[in-house]
Amino acid sequence: MLKVIAQDFIRPEHIATVLPLYRELVEKTRQEPLCLSYELFVDQKDPGHFTFIETWPDRAALDTHCATEHFQRLVPQIDRHQSQPGQFLLMDVLPGTEWCPATHTPAQAEAEA
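Start counting the sequence shown at 2; every next residue gets the next number (my numbering).
Please keep in mind that the hints were generated in silico from the structure rather than gathered at the bench.
Honestly, I wouldn't trust all of these hints.
Dumping the calculated SDA-like pairs for lysine to any residue here, alpha-carbon to alpha-carbon at most 25 angstroms [unchecked claim]:
#, residue 1, residue 2
1, Lys-4, Leu-63
2, Lys-4, Cys-67
3, Lys-4, Gln-83
4, Lys-46, His-15
5, Lys-4, Leu-90
6, Lys-4, Pro-77
7, Lys-46, Gln-88
8, Lys-4, Ser-38
9, Lys-4, Arg-74
Take these sequences, add in the hints, and give me the full structure.
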């Protein structure tokens with residue numbers, strides 16, 4: 002499983018311009034069959050600092066996402082309003098630390114206590 006942490010830095014005067022673009026990107030990406038999760042966060046202290054937290058099965062799935070029509074169309078429009086280049090990390094889950102809510106319910110947690 003691949004976790005992506007991608008950050009965008011938008012000039013304050015262009016935040017209102019990029020918000021609908023971000024919303025469309027999130028909406029369309031969540032409809033992709035290989036997308037496991039795709040969330041966009043905004044920094045509480047800097048409204049122009051946006052962070053995507055994404056989960057993909059593997060790098061091939063991420064590459065497929067990056068080749069989609071909506072990604073190819075929307076990301077360049079967003080990038081025109083950056084105050085600095087975006088940053089991203091590609092992360093793998095540390096073996097033995099995976100989280101599966103379906104198998105770790107509160108009832109199981111109580112039984113283990």
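>> For a C-alpha distance cap of 25 angstroms, please report whether Lys-4 and Gln-83 respect it.
In response: Holds, because 23 angstroms separates the two Cα atoms, which is no more than 25 angstroms.
> Does the structure keep Lys-46 and His-15 at a Cα separation of 25 angstroms or less?
Replying inline: Roughly 17 angstroms separates the two Cα atoms, so the pair holds.
> Between Lys-4 and Leu-90, does the CA-CA distance stay at or below 25 angstroms?
Replying inline: holds, 8 angstroms
>> Holds or violated: Lys-46 and Gln-88, Cα atoms, limit 25 angstroms.
In response: holds, 18 angstroms
> Has the given pair, Lys-4 with Ser-38, been kept, meaning a C-alpha gap of at most 25 angstroms?
Replying inline: Holds: Lys-4 and Ser-38 sit about 9 angstroms apart, inside 25 angstroms.
> Going straight from one Cα to the other, do Lys-4 and Arg-74 come out at no more than 25 angstroms?
Replying inline: Roughly 23 angstroms separates the two Cα atoms, so the pair holds.
>> Lys-4 and Pro-77 were given as a pair; does the straight-line alpha-carbon distance stay at or below 25 angstroms?
In response: holds, 22 angstroms
>> Checking one constraint from the list: CA of Lys-4 to CA of Leu-63, max 25 angstroms. Satisfied?
In response: Holds - the C-alpha atoms of Leu-63 and Lys-4 are around 10 angstroms apart, at most 25 angstroms.
>> Would the hint linking Lys-4 and Cys-67 be met if the CA-CA limit is 25 angstroms?
In response: holds, 15 angstroms
Checked against the numbered hints given earlier, the structure satisfies every one of them.
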